[in-house]
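4 protein chains.
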Amino acid sequence: MAANILKAGFPLAVWNRTAAKSAEAAHLGASVAATPSEAARDADVVLLCLPAAEEVRDVLTREDGIFASARRGTIVVDCSTIDPASSRDVAARCAARGLDFLEAPLSGGTIGAKNGTLTLMIGGDAAVLERARPVLEAVGKNLFHVGGPGAGQTVKLCNQMIFAAQMVAVAEAFALLDDAGIDPALATRIFSTSTADCTVVRGRIPVPGVQPEAPPSNGWEPGFATKWMAKDLKLAEELARDTNRPVVQTAVNHQLMRLAMLAGYAEKDLSALGLVLREQRR
Amino acid sequence: MAANILKAGFPLAVWNRTAAKSAEAAHLGASVAATPSEAARDADVVLLCLPAAEEVRDVLTREDGIFASARRGTIVVDCSTIDPASSRDVAARCAARGLDFLEAPLSGGTIGAKNGTLTLMIGGDAAVLERARPVLEAVGKNLFHVGGPGAGQTVKLCNQMIFAAQMVAVAEAFALLDDAGIDPALATRIFSTSTADCTVVRGRIPVPGVQPEAPPSNGWEPGFATKWMAKDLKLAEELARDTNRPVVQTAVNHQLMRLAMLAGYAEKDLSALGLVLREQRR
Amino acid sequence: MAANILKAGFPLAVWNRTAAKSAEAAHLGASVAATPSEAARDADVVLLCLPAAEEVRDVLTREDGIFASARRGTIVVDCSTIDPASSRDVAARCAARGLDFLEAPLSGGTIGAKNGTLTLMIGGDAAVLERARPVLEAVGKNLFHVGGPGAGQTVKLCNQMIFAAQMVAVAEAFALLDDAGIDPALATRIFSTSTADCTVVRGRIPVPGVQPEAPPSNGWEPGFATKWMAKDLKLAEELARDTNRPVVQTAVNHQLMRLAMLAGYAEKDLSALGLVLREQRR
Amino acid sequence: MAANILKAGFPLAVWNRTAAKSAEAAHLGASVAATPSEAARDADVVLLCLPAAEEVRDVLTREDGIFASARRGTIVVDCSTIDPASSRDVAARCAARGLDFLEAPLSGGTIGAKNGTLTLMIGGDAAVLERARPVLEAVGKNLFHVGGPGAGQTVKLCNQMIFAAQMVAVAEAFALLDDAGIDPALATRIFSTSTADCTVVRGRIPVPGVQPEAPPSNGWEPGFATKWMAKDLKLAEELARDTNRPVVQTAVNHQLMRLAMLAGYAEKDLSALGLVLREQRR
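Protein chains in written order, with our numbering: chain B, 1 to 282; chain A, 1 to 282; chain H, 1 to 282; chain W, 1 to 282.
Hints should not be assumed to be uniformly reliable.
Since the list can't tell identical chains apart, any single copy or any two copies may satisfy a pair.
Straight-line distance between alpha carbons at most 25 Å, and here's what the computed SDA-like set of lysine to any residue pairs gives [what the hints assert, rightly or not]:
(1) Lys21 x Arg62
(2) Lys141 x Thr18
(3) Lys7 x Pro212
(4) Lys234 x Ala85
Read the hints as simulated data drawn from the structure, not as lab findings.
Taking the hints into account, I'd like the entire structure generated from these sequences.
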């Protein structure tokens, strides 16, 4: 993402909790900030990509955080996936400091991030989005304004429900195909032309070697870590609780992500579930 | 399918358990047979499309069935979705009568059937497939030879597992989107660019009006009936039992299809599940 | 069961597919028959305990089967757990041969069988039951007449749904207790006084050593084999299909039994699931 | 509970968020406090029964809360069911104020509370428990010291997992029995002698009229509200997340409680699930 922002000609200051991770961006021309506060100073747009709501609140409100330096009218764009209620809370905190806020959770994974082809599910004020658009278009080619704060997060969590469902079903199906001795590469070609077609069929077949560029062919890395999908499904279940909406399949998918985590694959791409289901046989 | 076979220039005799259903084919130039036996007489290729293994065996072995008239070397192509073991049994029965056999379960739905763009997952002898290919290419544009009898059915059942998973997840997701007041048409556009993208997102969004050509916008018809998906998932579970392979998500999806059937949607497209999940609120 | 019938003073002829298994009964005074037909000759009551409907039909109808020798008015009591429809079919076949029929599936396990404290869920004619009662009371102390053929099997399958649910929940709970380092024996004592109390708490705690007489303390044997519970849950799901009744939890429990079978515990008591769930950690 | 404490001869001051609820205790001899602080003043033992961790923290730390008046050495006994981590946090807060702390979540329902036969799952210091024992024995006849703070809550959440599993399985089973026209009272008698036996069979059969004293025969009230069980299962899932432990059945049971809540039974006894499952047919 930093590379694409720089390539588009924007000056960029980066801060990362793990300082080493800033090095690559520095190499490409970004300046490296020692604190979030320093990174946000004089910025027109501040982009956050963090694991959970707790870290988002922390990086804004800590002593050396963004609130300590950002000037009125700076736009805080939170690209993290967090629960809608927390995102609304963050929006309110920003407003109280005179900052504008957008949530813009992403879909597209590390490949989309690299190619600048991410989809952004944006919640917040439409006029603010227009001001931030030039920067955001450097990040992703599909910008969708969904509604106010929380709406983008809601759409993102629903996206994760569908993506996880594909992954679990494909993992179950390829375990059966394996039992039957059917060539997984052939099955993959078939499914790409049939009603089974989906993102996971196109790039997450959980059998090493079938798709050379996909995580299963590269040690189940990089990709989208199982633990992050477990977190997102947890958030989706909590969202469903607000309206007492049963989400039985989503709950089961969440538990199967836990099964993969228990088996040692928390940090690996969620396609590692396929490995777990096939490994169960002794 | 009959229309496409006729359009490709093949002479065609049709038989249907419900005589009225033969009328449309007759109108297009097919001759109408009074019995399966009559339809199969002098045929080079006999295509079967039936609900379950029981009907396949019946139409072959009944007194006025296909075995009563088909000459040696006729190719029986079973396009039904049945369990792999039954398909191997049917293959053996055909072989015992000197008939060649292919299983060729289809994917693509009524739209694919109409447009001749179906995917065929073919199990049987490769040389027999080459002889049947001209007819089969009139039916579907994607012909895949997977292996011997049973292999095509295995791939088809796995296809159904993945397709059903998409449908259930999309239904759960759009219930949450509905609770949150988010425009389903907008969410559909977003998901078609994100990791949620799949066959169901592209043509089975379970909200009337979002996709004018899709079953949910047309009284949940035509499409693929919920009861047939329930049947296919049952077969997938039975296949998994052969190797004691747990398929937890598939089992849950099956039960949710039952929920839709119980609610009165057995004959409706499987997307009616979305209606059921939203209707649960009182 | 044989021991208790002999103890009650009834003459007994036994036949077992595995001849060696007849030896113990012979030692206690039973005569050993070479075929089902021989065992049923001159019998007033014929008791069947077989794994599935297929074996029940076979032992009745095979050339050297029960139908070959049993005289009119002999009562066939099928203690197997099979699906209600098959049991009704068996009843009809018996009636056609002039034999009376009762289904009497059992609950109580190997311990109940040994102590003669089994519960019998009886379907069939009430007058026939009265004639068979003296023998059946030697087998089980709780005789319940539920209805016609099939009704006893229906109740038995429902019993298995509840029993399996207890086992799965207890296995999940004791995995969490293990993670938390809580003494399983203490937890067992607590649960026997609380709303968690159930048959599994009283005799199937899936941790070796907690209950010295229970299968988990004796190599997960004897008891009720995981594969038989998987079979019974499959039958319960099929029963539910007849009325399109969703049984989501039952379907999940079935899949978890498959998980235990896949892990190598098909022949072990169903409490082995607890071992499987704890073993998943690496 | 108040009645039993008074009956045992202890002076008692009560405070309830809903003042009217204090009236019955006042009628039995309790003094009514205007604030938590007033209720705790001069108390040797303070008992809390609250819906969730948030309320527990609030009633302790609010301006007119327990910390404002309780003297050093007062024992705070939290009978609420909350997550173990929150309970440890509450214990630490009490310790920082010089107060002793026990967690003592209860099992036994409104009937057990009325009869003083509750089971208490106690976490905290053993010596503190001995000091509180006389009061606690007036509340429940089964006092179990499980370990330090959090251990009692862990056992309670596991208890709820098993109790909920029974309820869901019994609801599914009695829907099938209903479909088959089998007398639910007879089935209940059978299950009380078979492996299906459990707390729910003995007092929560989800069919009105079967057990006259049970909630289903009394408008699904009183009992243990579906929403509280949903909350407890949520906490159990969160506990399982700490160790990445999959709890598939528990997750499904949770979702089925949501189904009952969605159907309007949030405040009714959890046995209302049986009504929901039977009502689904149209």
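Q. Of the hints stated earlier, which fail here?
A. 2 and 3
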